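Number of protein chains: 4
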Amino acid sequence: MTPKTIERIRRFTDDRNWHQFHTPANLAKSISIEAAELLECFQWSDTEYDIEHVKEELADVLVYCQNMLDELGLDADEIVNSKMAKNEAKYPAELAIGSAKEYTEYKNTLSDKGISEE
Amino acid sequence: MTPKTIERIRRFTDDRNWHQFHTPANLAKSISIEAAELLECFQWSDTEYDIEHVKEELADVLVYCQNMLDELGLDADEIVNSKMAKNEAKYPAELAIGSAKEYTEYKNTLSDKGISEE
Amino acid sequence: MTPKTIERIRRFTDDRNWHQFHTPANLAKSISIEAAELLECFQWSDTEYDIEHVKEELADVLVYCQNMLDELGLDADEIVNSKMAKNEAKYPAELAIGSAKEYTEYKNTLSDKGISEE
Amino acid sequence: MTPKTIERIRRFTDDRNWHQFHTPANLAKSISIEAAELLECFQWSDTEYDIEHVKEELADVLVYCQNMLDELGLDADEIVNSKMAKNEAKYPAELAIGSAKEYTEYKNTLSDKGISEE
Numbered sequence: 069m070t071p072k073t074i075e076r077i078r079r080f081t082d083d084r085n086w087h088q089f090h091t092p093a094n095l096a097k098s099i100s101i102e103a104a105e106l107l108e109c110f111q112w113s114d115t116e117y118d119i120e121h122v123k124e125e126l127a128d129v130l131v132y133c134q135n136m137l138d139e140l141g142l143d144a145d146e147i148v149n150s151k152m153a154k155n156e157a158k159y160p161a162e163l164a165i166g167s168a169k170e171y172t173e174y175k176n177t178l179s180d181k182g183i184s185e186e
Numbered sequence: 069m070t071p072k073t074i075e076r077i078r079r080f081t082d083d084r085n086w087h088q089f090h091t092p093a094n095l096a097k098s099i100s101i102e103a104a105e106l107l108e109c110f111q112w113s114d115t116e117y118d119i120e121h122v123k124e125e126l127a128d129v130l131v132y133c134q135n136m137l138d139e140l141g142l143d144a145d146e147i148v149n150s151k152m153a154k155n156e157a158k159y160p161a162e163l164a165i166g167s168a169k170e171y172t173e174y175k176n177t178l179s180d181k182g183i184s185e186e
Numbered sequence: 069m070t071p072k073t074i075e076r077i078r079r080f081t082d083d084r085n086w087h088q089f090h091t092p093a094n095l096a097k098s099i100s101i102e103a104a105e106l107l108e109c110f111q112w113s114d115t116e117y118d119i120e121h122v123k124e125e126l127a128d129v130l131v132y133c134q135n136m137l138d139e140l141g142l143d144a145d146e147i148v149n150s151k152m153a154k155n156e157a158k159y160p161a162e163l164a165i166g167s168a169k170e171y172t173e174y175k176n177t178l179s180d181k182g183i184s185e186e
Numbered sequence: 069m070t071p072k073t074i075e076r077i078r079r080f081t082d083d084r085n086w087h088q089f090h091t092p093a094n095l096a097k098s099i100s101i102e103a104a105e106l107l108e109c110f111q112w113s114d115t116e117y118d119i120e121h122v123k124e125e126l127a128d129v130l131v132y133c134q135n136m137l138d139e140l141g142l143d144a145d146e147i148v149n150s151k152m153a154k155n156e157a158k159y160p161a162e163l164a165i166g167s168a169k170e171y172t173e174y175k176n177t178l179s180d181k182g183i184s185e186e
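Protein chains in written order, with the numbering used here: chain A, 69 to 186; chain B, 69 to 186; chain C, 69 to 186; chain D, 69 to 186.
Bear in mind the hints are in silico, worked out from the structure with no lab data behind them.
The structure displayed is predicted, hence computed values, not measured ones.
Take the hints with a grain of salt, since some may be wrong.
The list treats identical chains as interchangeable, and a pair is accepted whether it falls inside one copy or across any two copies.
To be verified - Calculated lysine to aspartate or glutamate pairs in the EDC-like style (CA-CA distance at most 20 Å, straight line): (1) Lys72 - Asp118; (2) Lys158 - Glu75; (3) Lys72 - Asp114; (4) Lys72 - Glu139; (5) Lys158 - Asp82; (6) Lys72 - Glu162; (7) Lys154 - Asp114; (8) Lys151 - Asp138; (9) Lys151 - Asp114; (10) Lys154 - Asp143; (11) Lys158 - Glu120.
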């Protein structure tokens with residue numbers, strides 16, 4: 069998101085004096101709740117979904133993620149790049165394979181080596 | 069996130085040929101799963117948590133959100149600004165109030181007016 | 069579950085002095101966390117799953133649900149029958165239909181009539 | 069739940085011809101979705117919640133769990149007792165301790181010994 073969008077999210081919380089509700093634990097709950105509302109778009113069908121509804125629920129997840137970044141003083145780029153470095157080491161591109169079953173087994177094999185997924 | 073970070077996320081999926089697993093439904097499941105792992109950091113205590121663990125799980129949520137934006141051809145700024153416009157209209161700043169109970173009642177009151185939260 | 073199984077769950081908590089952690093809020097988080105672990109069995113495929121893993125995760129959800137019933141002094145049969153009565157009134161059997169799309173539209177139509185799903 | 073309550077849940081699905089929607093994957097999504105609605109009762113406060121709302125959402129989780137047991141031909145007592153046996157071995161009662169921090173560390177210590185929580 070651009071700094072302008074992030075600023076809009078921050079101002080929204082500031083203007084309503086809602087930081088008091090934005091404890092990390094409450095925001096973790098909120099992210100899970102909105103993630104489930106996003107999942108609800110695909111509850112009975114993987115392929116027939118309302119894209120407008122998906123956009124709203126995905127936006128809600130992103131807003132609460134930004135709220136959590138803000139409350140904890142974190143930077144999205146920093147934590148994502150740090151995690152991507154781990155992912156790249158854990159799942160070497162040259163071993164990447166095809167079927168869902170192999171995909172899961174591949175990840176499990178790596179896990180068995182003590183490289184736990186977090 | 070900066071374009072460079074987003075590009076890193078995209079390259080990770082491209083290099084492993086993992087777009088085949090990234091259906092919108094699978095990504096919605098993945099966002100919920102990672103959101104729950106973030107919630108697990110706060111399972112038994114709201115105040116004692118491992119910040120390094122929180123950073124990793126929050127990063128996982130953000131990465132899967134970006135994956136979903138990519139697969140659906142969506143722009144984070146666009147969907148977030150669209151949702152923030154709705155939020156601003158739904159929760160006027162001048163009505164913002166204090167306690168958690170009033171906060172919930174306030175939101176419920178607006179919901180009762182037919183302004184459902186999504 | 070039989071009274072004997074329920075008693076085993078209760079004794080487990082009693083013997084470890086874990087009621088102190090079993091606040092309703094913590095148990096709600098725990099149910100969501102275990103539900104997500106169950107969902108993880110189906111993260112990348114709807115049809116290929118490890119049934120032994122599914123059994124363990126579903127059991128975890130059931131155990132935390134029983135923990136919540138216990139802490140709140142609730143009876144499973146009572147709350148389920150009360151909810152089933154609402155479901156039966158909300159979704160009349162004679163209107164039941166076939167495709168997933170119609171199913172969702174049917175439920176949405178009822179929702180539009182002010183019969184919100186909870 | 070008593071056999072009569074379970075029978076009511078089964079008849080509800082049968083009468084509406086909804087087994088077609090009750091794939092294990094769809095039910096796993098549904099359990100997560102309802103678990104999140106239960107969590108929503110505690111979104112902004114751990115202590116102020118609407119008990120009637122909690123009862124309905126907890127009932128929804130239980131109903132979808134029963135649906136999954138039914139579709140997979142599983143018995144609640146069997147899978148729960150099997151899991152409780154593992155839990156009892158993993159968390160010996162004589163080691164049970166007091167604070168949330170110790171509780172988490174205790175569980176982590178056991179995990180470090182290769183006794184992973186599932």
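**Request:** Evaluate Lys158 and Glu120 at a C-alpha cut-off of 20 Å and name the case that applies: within, between, both or neither.
**Result:** between (35 Å within a copy, 18 Å between copies)
**Message:** I want to check one pair: Lys72 and Glu139. Are their C-alpha atoms no more than 20 Å apart within a copy, between two copies, both, or neither?
**Reply:** within (18 Å within a copy, 24 Å between copies)
**Message:** Within, between, both or neither: how does the pair Lys151, Asp114 come out at a Cα-Cα threshold of 20 Å?
**Reply:** For Lys151 and Asp114, the Cα distance exceeds 20 Å both inside one copy (28 Å) and across copies (24 Å).
**Message:** For Lys72 and Asp118, with the copy left unspecified, which applies at a CA distance of at most 20 Å: within, between, both, or neither?
**Reply:** Result: close neither inside a copy nor across copies, 28 Å intra and 30 Å inter.
**Prompt:** How would you label the pair Lys72, Asp114 (within, between, both, or neither) given a Cα cut-off of 20 Å?
**Reply:** Neither: 34 Å inside a chain and 31 Å across chains, both beyond 20 Å.
**Request:** Using 20 Å as the alpha carbon limit, work out where Lys151 and Asp138 are close: within a copy, between copies, both or neither.
**Result:** both (19 Å within a copy, 19 Å between copies)
**Asked** How do Lys154 and Asp143 come out at 20 Å by Cα distance, when the copy is not named: within, between, both, or neither?
**Response** within (17 Å within a copy, 26 Å between copies)
**Request:** Go through the copies and call it for Lys154 and Asp114: within, between, both or neither, with a Cα cutoff of 20 Å.
**Result:** neither (30 Å within a copy, 27 Å between copies)
**Asked** How would you classify Lys158 and Asp82 at a CA-CA limit of 20 Å: within, between, both, or neither?
**Response** between (40 Å within a copy, 16 Å between copies)
**Asked** Given a CA cutoff of 20 Å, do Lys72 and Glu162 count as a within-copy pair, a between-copy pair, both, or neither?
**Response** Neither. Shortest intra-copy (39 Å) and inter-copy (22 Å) distances fail the 20 Å Cα cut-off.
**Message:** Cα distance capped at 20 Å. Does Lys158 pair with Glu75 within a copy, between copies, both, or neither?
**Reply:** between (35 Å within a copy, 19 Å between copies)
In this structure, the earlier hints numbered 1, 3, 6, 7 and 9 are contradicted, and the remaining ones agree with it.
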